[in-house]
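All chains should be modelled from the sequences, with the hints used to inform the complete structure.
Quick note: the sequence shown uses the numbering used here, first residue 14, plus one each step.
Worth flagging that the hints you see were computed from the coordinates, not collected in a lab. None of these values were measured; they are calculated from a predicted model. Treat each hint with caution, since some may be false.
To be verified - Listed next, the in silico BS3-like pairs over lysine-lysine satisfying Cα-Cα at most 25 Å (straight line):
hint: 1; residue 1: 473; residue 2: 546
hint: 2; residue 1: 708; residue 2: 691
hint: 3; residue 1: 280; residue 2: 292
hint: 4; residue 1: 473; residue 2: 186
hint: 5; residue 1: 77; residue 2: 388
hint: 6; residue 1: 305; residue 2: 292
hint: 7; residue 1: 308; residue 2: 260
hint: 8; residue 1: 624; residue 2: 595
hint: 9; residue 1: 215; residue 2: 530
hint: 10; residue 1: 283; residue 2: 304
hint: 11; residue 1: 271; residue 2: 281
hint: 12; residue 1: 99; residue 2: 186
hint: 13; residue 1: 326; residue 2: 546
hint: 14; residue 1: 317; residue 2: 292
hint: 15; residue 1: 226; residue 2: 20
hint: 16; residue 1: 473; residue 2: 432
hint: 17; residue 1: 17; residue 2: 280
hint: 18; residue 1: 317; residue 2: 344
hint: 19; residue 1: 85; residue 2: 292
hint: 20; residue 1: 287; residue 2: 304
hint: 21; residue 1: 292; residue 2: 260
hint: 22; residue 1: 494; residue 2: 528
hint: 23; residue 1: 685; residue 2: 713
hint: 24; residue 1: 308; residue 2: 118
hint: 25; residue 1: 260; residue 2: 287
hint: 26; residue 1: 631; residue 2: 530
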Amino acid sequence: MENKTFKMTLAGRELKIETGLFANQSTGSVTVSLGDTIVFASAVMGEVREGTDFFPLTVDFEEKYYAAGKIKGSRFIKREGRPSEKSILNSRLIDRPIRPLFPKKMINDVQLIVSCLSADLEVDPSTTGLIAASAALSISGMPFQGPVAGVRIGLVNDELIVNPTYQQVAEGKLDLVVAGTEEAITMVEAGAQEVDDEILLKALDIAHAEIKKICALQKEFMAVYRHPELEVTLAPVNAEAHQAVQKAVTPEMLDGIKGTTKMEVKKKIKELEKMLMEKYAAELEAGTFTKKHLKEDLNSMMEKNMRKNILEKEVRLDGRKIDQIRPLSVKTSLLPKTHGSALFQRGETQSLSITTLGAPGAALVVDTMDEDSEKHYFHHYNFPPYSVGEAKPLRGPSRRDIGHGNLAERALIPVLPPKEQFPYTVWVVSEIMSCNGSSSMASVCGSSLSLMDAGVPIRKPVAGIAMGLVTYDGDLANGYKILTDIQGMEDFAGDMDFKVAGTRDGITALQMDIKVKGLSIDLLREAMARAKKARVEVLDAMDSVIAAPRPELSPNAPRITSMMIDPEKIAEVIGKGGETIKKIVKETGVEIDIEQTGLVLITAHTQEAGKAAEEWIKRITYVPQVGEVFTGEVVKITEFGAFVEFLPGRDGLVHISELAHQRVNRVEDVVKVGDKIKVKLLEIDPQGRYKLSHKAMLEKPPIAPRPATPQA
14 MENKTFKMTL
24 AGRELKIETG
34 LFANQSTGSV
44 TVSLGDTIVF
54 ASAVMGEVRE
64 GTDFFPLTVD
74 FEEKYYAAGK
84 IKGSRFIKRE
94 GRPSEKSILN
104 SRLIDRPIRP
114 LFPKKMINDV
124 QLIVSCLSAD
134 LEVDPSTTGL
144 IAASAALSIS
154 GMPFQGPVAG
164 VRIGLVNDEL
174 IVNPTYQQVA
184 EGKLDLVVAG
194 TEEAITMVEA
204 GAQEVDDEIL
214 LKALDIAHAE
224 IKKICALQKE
234 FMAVYRHPEL
244 EVTLAPVNAE
254 AHQAVQKAVT
264 PEMLDGIKGT
274 TKMEVKKKIK
284 ELEKMLMEKY
294 AAELEAGTFT
304 KKHLKEDLNS
314 MMEKNMRKNI
324 LEKEVRLDGR
334 KIDQIRPLSV
344 KTSLLPKTHG
354 SALFQRGETQ
364 SLSITTLGAP
374 GAALVVDTMD
384 EDSEKHYFHH
394 YNFPPYSVGE
404 AKPLRGPSRR
414 DIGHGNLAER
424 ALIPVLPPKE
434 QFPYTVWVVS
444 EIMSCNGSSS
454 MASVCGSSLS
464 LMDAGVPIRK
474 PVAGIAMGLV
484 TYDGDLANGY
494 KILTDIQGME
504 DFAGDMDFKV
514 AGTRDGITAL
524 QMDIKVKGLS
534 IDLLREAMAR
544 AKKARVEVLD
554 AMDSVIAAPR
564 PELSPNAPRI
574 TSMMIDPEKI
584 AEVIGKGGET
594 IKKIVKETGV
604 EIDIEQTGLV
614 LITAHTQEAG
624 KAAEEWIKRI
634 TYVPQVGEVF
644 TGEVVKITEF
654 GAFVEFLPGR
664 DGLVHISELA
674 HQRVNRVEDV
684 VKVGDKIKVK
694 LLEIDPQGRY
704 KLSHKAMLEK
714 PPIAPRPATP
724 QA
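Set out below in structure tokens:
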């Protein structure tokens, strides 16, 4: 088929969709370009993944360094290998709005690979990647209920900008990504600087208007290139098991599944499972159905009953009202040797957050396809298996861990002090000790508390809350209920996970995922208003324990001393091959960072060490004045005098005539190498050489009286 280009204008740049040039053995493949950025996406459907009970979709966003004309920074590894955190976040950005648009019980393997082939380094390629992924799926013949599109919105000088550049995002107050279909918004993710709810809602409205245009373009593209429908496999349903569970489990039994803790609920579910196994032991033995079939049907019944009770009675599993937060607990200074620590608990969910302060040189170096930068604040989120009572091997951070850590990081960046005011590198780790939903928002609260406990001068505390949604089989028209502070089962069986973080004055981070086809702006407005009320309630609980950063840094934290030197003296402080600065670091035990402006930052664990290093650097950079007196060390002897190092790395000549008041025949008769002597600076000649005198520091010998003249 002749290659045809479909194009439109998106915020002043040409957006084009094409197919047929690359990867024609893929189930679906497209190239999408936006200006000079070109993203390729391939979608391939494989065979049934045996034994799975979930949709096996994998999404990988690949950064190609050649796209930016760049060679990877590592001296030893030049091939792109393990994906960067940014690649993982972009993969999640694409995965989340696409996954709900496939049949829930589909068990064919589907793989999406999205590769940036050309990057203009002006606009982030992630939303272009989402459009490419959607277009590839839309023509593949798979049962994808798209198309879907994504748009980024910025806020610069109080103006909302579609598809902002990197610079506009950096200078502005908002970095918002919105995904959706023609009908509604399906995903939101944002970092913001205390932006008002109404501004965000306006941004969502603007974004959806652009999304509709991009989806319409994809539909034109599909009409020409759509492949024949593919036959897919859905997870089989065992009718006998379904009927057996329906017959044995009554509504009263399902209503009895409740409790304030996860263990209470699990115990009651286990009791019903045991009853079913005993009741249908003969059928299980005969192979009519399996234990797994019974458990799955019971779980399905329980979820439907839970949703029904919420929708019709506003009754939740743990007995809370739909707008009620679980009990809160806040503690700080739990760990005596860390720089800052806090435990935030909401219901059963616990986040232990630890703050560590380091030297400016400890900053995280980010080397990706489109940027080389340093992060002086970074947040890590760990979700160990014991937090949900499971035993699993540890395999390092998952994509979920990376995503949640990034969300908490974005939530707190707007309240952190500028580097000029607080030059430390700040590392926060959130250890999820126990989880029953909303652990990412618990990590936001815990990290805010931990930073204040460490004495980091954040402007305001930040809190987060997760909002949920329950509908009648995904149909909003038949009614819905918004839930405040969702717990694990409400997240898993509900229709929305809407995380909102911020201060009392505005939102700093958002993330929304839904399982229905889309949400209206009015519903989002209602959810955000409820989230704000809950956020203030959480902040009140936090303030009752620690309302502001501690006035002093933790005694365990290093101290940073700053000083300015003449930029022309930087080379002297560093020394030949770094010899001088290495010596200072080795002998004092400090860390030293020097900026091109001449700003020197000394990080020391004791006041004495910091002072010693500061004095050393002052001596190196000191501009001596004629007439000043120094104590120096003899470093070299010649026939005509001795060279004395009177300041670190700086020596001058004491001429033989300036060694003593009396005549000196040999320099060695007065001094030898290694001697410490006092000297006075006599002169600095035009070549910058120093002329010193030791004689000037010695008392003049008394003048012997002349012998009397004999009388005639």
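Hints, verified against the model:
1. 473 <-> 546: It holds: about 17 Å lies between the C-alpha atoms, which stays within 25 Å.
2. 708 <-> 691: holds (9 Å)
3. 280 <-> 292: holds (18 Å)
4. 473 <-> 186: holds (17 Å)
5. 77 <-> 388: holds (22 Å)
6. 305 <-> 292: holds (15 Å)
7. 308 <-> 260: Measuring from Cα to Cα gives roughly 14 Å; hence the hint holds.
8. 624 <-> 595: Measuring from Cα to Cα gives roughly 17 Å; hence the hint holds.
9. 215 <-> 530: holds (21 Å)
10. 283 <-> 304: holds (12 Å)
11. 271 <-> 281: Between residue 271 and residue 281 the Cα gap is close to 8 Å, so the pair holds against 25 Å.
12. 99 <-> 186: holds (20 Å)
13. 326 <-> 546: Cα-Cα ~23 Å, so holds.
14. 317 <-> 292: holds (23 Å)
15. 226 <-> 20: Distance ~11 Å between residue 226 and residue 20 Cα, so the pair holds.
16. 473 <-> 432: holds (17 Å)
17. 17 <-> 280: Violated - the C-alpha atoms of residue 280 and residue 17 are around 60 Å apart, more than 25 Å.
18. 317 <-> 344: Given pair residue 317, residue 344 is violated - Cα atoms ~37 Å apart, limit 25 Å.
19. 85 <-> 292: The given pair, whose Cα atoms are some 63 Å apart, is violated under the 25 Å limit.
20. 287 <-> 304: holds (10 Å)
21. 292 <-> 260: The hint holds at about 11 Å.
22. 494 <-> 528: holds (15 Å)
23. 685 <-> 713: holds (22 Å)
24. 308 <-> 118: Roughly 16 Å between the alpha carbons, so the hint for residue 308 and residue 118 holds.
25. 260 <-> 287: holds (15 Å)
26. 631 <-> 530: Distance ~66 Å between residue 631 and residue 530 Cα, so the pair is violated.
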